[in-house]
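Participant: So the sequences go chain by chain: A and B. Counting along the first sequence from 1, when you hit position 126 you're at 126 in the working numbering, and nothing is skipped either side. For the working numbering, add 321 to where a residue sits in the second sequence, where the first one is 1.
Hints are not guaranteed to be accurate.
What the hints assert, rightly or not - Just the calculated beta-carbon pair ranges, DEER-fashion:
(1) P541/B to R124/A: 40 to 48 Å
(2) N67/A to Y442/B: 27 to 35 Å
(3) E141/A to T620/B: 55 to 63 Å
(4) N312/A to S496/B: 48 to 56 Å
(5) T148/A to T620/B: 50 to 58 Å
(6) P117/A to K491/B: 37 to 45 Å
(7) P541/B to R290/A: 26 to 34 Å
Keep in mind the hints are simulated off the structure, nothing from the lab. These numbers come from a predicted model, not from an experiment. Glycine included, C-beta positions come from ideal geometry on N, C-alpha and C.
Protein chains: 2
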Amino acid sequence: MAVERSNAQINWNCLMERFEVNILGCGSALPTTRHLLSSQVVHFRNKLSMIDCGEGTQLQFRAMKLNFQRLNHIFISHLHGDHCFGLPGLISTLGMLGRTADLHIYAQSEASKIFQPVLDYFCRNLSYNVVFHSFDPSQCEAIYDDRTLTVSTIPLRHRVPCAGFLFEEKPKNPSIIREMIDFYQVPVSRINAIKNGADFVTPEGRIIPHTVLTRPAKPPHKYAYCSDTAYFEKIIPLIEGVTVLYHEATYAEEDCICAREYFHSSARQAATIARAAGVGQLVLGHFSARYPDETILLTEAREIFPHTILANERMLINIDV
Amino acid sequence: MAVERSNAQINWNCLMERFEVNILGCGSALPTTRHLLSSQVVHFRNKLSMIDCGEGTQLQFRAMKLNFQRLNHIFISHLHGDHCFGLPGLISTLGMLGRTADLHIYAQSEASKIFQPVLDYFCRNLSYNVVFHSFDPSQCEAIYDDRTLTVSTIPLRHRVPCAGFLFEEKPKNPSIIREMIDFYQVPVSRINAIKNGADFVTPEGRIIPHTVLTRPAKPPHKYAYCSDTAYFEKIIPLIEGVTVLYHEATYAEEDCICAREYFHSSARQAATIARAAGVGQLVLGHFSARYPDETILLTEAREIFPHTILANERMLINIDV
Numbered sequence: 001m002a003v004e005r006s007n008a009q010i011n012w013n014c015l016m017e018r019f020e021v022n023i024l025g026c027g028s029a030l031p032t033t034r035h036l037l038s039s040q041v042v043h044f045r046n047k048l049s050m051i052d053c054g055e056g057t058q059l060q061f062r063a064m065k066l067n068f069q070r071l072n073h074i075f076i077s078h079l080h081g082d083h084c085f086g087l088p089g090l091i092s093t094l095g096m097l098g099r100t101a102d103l104h105i106y107a108q109s110e111a112s113k114i115f116q117p118v119l120d121y122f123c124r125n126l127s128y129n130v131v132f133h134s135f136d137p138s139q140c141e142a143i144y145d146d147r148t149l150t151v152s153t154i155p156l157r158h159r160v161p162c163a164g165f166l167f168e169e170k171p172k173n174p175s176i177i178r179e180m181i182d183f184y185q186v187p188v189s190r191i192n193a194i195k196n197g198a199d200f201v202t203p204e205g206r207i208i209p210h211t212v213l214t215r216p217a218k219p220p221h222k223y224a225y226c227s228d229t230a231y232f233e234k235i236i237p238l239i240e241g242v243t244v245l246y247h248e249a250t251y252a253e254e255d256c257i258c259a260r261e262y263f264h265s266s267a268r269q270a271a272t273i274a275r276a277a278g279v280g281q282l283v284l285g286h287f288s289a290r291y292p293d294e295t296i297l298l299t300e301a302r303e304i305f306p307h308t309i310l311a312n313e314r315m316l317i318n319i320d321v
Numbered sequence: 322m323a324v325e326r327s328n329a330q331i332n333w334n335c336l337m338e339r340f341e342v343n344i345l346g347c348g349s350a351l352p353t354t355r356h357l358l359s360s361q362v363v364h365f366r367n368k369l370s371m372i373d374c375g376e377g378t379q380l381q382f383r384a385m386k387l388n389f390q391r392l393n394h395i396f397i398s399h400l401h402g403d404h405c406f407g408l409p410g411l412i413s414t415l416g417m418l419g420r421t422a423d424l425h426i427y428a429q430s431e432a433s434k435i436f437q438p439v440l441d442y443f444c445r446n447l448s449y450n451v452v453f454h455s456f457d458p459s460q461c462e463a464i465y466d467d468r469t470l471t472v473s474t475i476p477l478r479h480r481v482p483c484a485g486f487l488f489e490e491k492p493k494n495p496s497i498i499r500e501m502i503d504f505y506q507v508p509v510s511r512i513n514a515i516k517n518g519a520d521f522v523t524p525e526g527r528i529i530p531h532t533v534l535t536r537p538a539k540p541p542h543k544y545a546y547c548s549d550t551a552y553f554e555k556i557i558p559l560i561e562g563v564t565v566l567y568h569e570a571t572y573a574e575e576d577c578i579c580a581r582e583y584f585h586s587s588a589r590q591a592a593t594i595a596r597a598a599g600v601g602q603l604v605l606g607h608f609s610a611r612y613p614d615e616t617i618l619l620t621e622a623r624e625i626f627p628h629t630i631l632a633n634e635r636m637l638i639n640i641d642v
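Chain A on its own, in the form it takes in the complex (with noise of 0.2 Å):
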């Protein structure tokens, strides 16, 4: 499902399915010619959503050409430096590009009381709106909702409240069978109702049951993001099933002791968590430093959970297949 990102992949008539993860930086604290620091961007059906600024996020924003103009809604999962650093250069930046729309920043409460006064500092006359919407980490609760998609809280373990979020497609309704629409001759103003649980009903009084002339929609897709945590199981029920799974896993199996001083994951921890939630792909991150490649990071978690890829900067993980 990964892919590294290029332009000549993209079909642009697709855009208005798509569901996508861009990850921009998955190292941990320590960022290294390797690595950046944490954050990615959910691509939904032609909007994106950020998870996570941390310092150098509009720099391969730019570099990886995704669209400021689209960006409206960024998710922050705790407040550790790395995880947030870069708001206020990402905000000066959409304000010297001429941004009129509200900027919508879900974070704890205490995001704004540190953020605020440094925007109102060196953001003073920007042209449009900075607004914070305060969550709480503890909770699993939806945060953003509209017609066609939930983002909810995935509470975690870490040294600091820590939300990991939950991105789910709303069910579609199923599609019309077009032999079957034709064959029973049903008038165009029918299709909608039919479509949303009507039963047809024929001239002659014969019920046609919306089941034999629509197909089931597929399965909505879902994108869990659960970084910083250490191993924790209570996350297994909220994630269970989802499409793709991003799980930190700062270290190897040899370093556990690491991961339970500063409540952190083991790959093997992430792959444990997935395989219980049975989900369709695992997506590791959130790279300790000390590693020269990954390779010991996948090998154990592909002892657990076959399917295991590890993420890295630029890479396009598709949701939607």
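With the hints as your guide, set chain B onto chain A.
Facilitator: Chain B alone, transformed into the frame defined by chain A:
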């Protein structure tokens, strides 16, 4: 004097004589895929000082293989985000690397008011002290001084209070002329005194002037950083004859209205200042994002001051040549 950085080019024996400038970022407020936000590192006798610290500076610092442990002083020209948003991340990273030495930040007094609460929240358990030193950007004053180097402020003219920095090597002692010392049989115990200006008296009572026994030291090298600033002739006497001048050149002449409006300089204005001050070399930087490349800036500047080059990320400028 400017070369692309390469480890192979470093003569490790010369470290203690080194005076060079590393360009980390030379874009203006809107970062692009070509230019990063403002930051430079002055490498003087194996100690590193930073000038400005835009977002992403710590990433570039690491990419350029500079040594975090040798960085002790950071000079912030003014409080626009593109010159200081990298501070919290850098400070946090230095802590994670186990730093214990104080880190000194020289900036206007507002800097500590803005950044201290951010550090108090995100960097609670730092292993070292961050010491803010405030200066008045409207004054030309020495803000740092040690046995070999002085750093002074250069008041500039920008939309907000802003000061450039003059790095001045202290005059060195003259070097002895070995042949003359031998000829007059000067005892070793007298050499330091002679270097410091004492004449030598032979056992026969003949006075040998110290100027006969020594060769004058090379004139001290100086580096001036002038960014951000509108065209401002008052800086000319302050930077007269510097070895290298980095002067902002945000715009080409065709955009001189923008330069006026935003209190920036055109390349031609930077060159006019360089010529009037009789500097050794002019380095242009702080480029607007609007130019696909900066050839136009270089051409316009060289018409006035031929000894001009364009800054670029990862460029190394030797000052002691």
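Participant: Is it true that the C-beta distance of P541/B to R124/A lies inside 40 to 48 Å, as the hint says?
Facilitator: Given range 40 to 48 Å: holds, Cβ gap about 41 Å.
Participant: Take the C-beta atom of T148/A and the C-beta atom of T620/B, compute their distance, and say whether it sits inside 50 to 58 Å.
Facilitator: Taking Cβ atoms as reference, T148/A and T620/B lie about 52 Å apart, which means the hint holds.
Participant: Do the beta carbons of N67/A and Y442/B sit within 27 to 35 Å of each other?
Facilitator: With Cβ atoms ~32 Å apart, the hint holds.
Participant: Take a look at whether the Cβ-Cβ distance between P541/B and R290/A falls inside 26 to 34 Å.
Facilitator: Roughly 44 Å apart at Cβ, these two residues miss the hinted range, so it is violated.
Participant: If I claimed the Cβ atoms of E141/A and T620/B lie 55 to 63 Å apart, would that claim hold in this structure?
Facilitator: Given range 55 to 63 Å: holds, Cβ gap about 59 Å.
Participant: So does N312/A sit 48 to 56 Å from S496/B, Cβ to Cβ?
Facilitator: This hint holds: roughly 55 Å between Cβ atoms.
Participant: Do P117/A and K491/B keep their Cβ atoms within the hinted range of 37 to 45 Å?
Facilitator: With a Cβ separation near 40 Å, P117/A and K491/B satisfy 37 to 45 Å, so the hint holds.
Checked against the numbered hints listed earlier, the structure breaks hint 7 alone; every other hint is satisfied.
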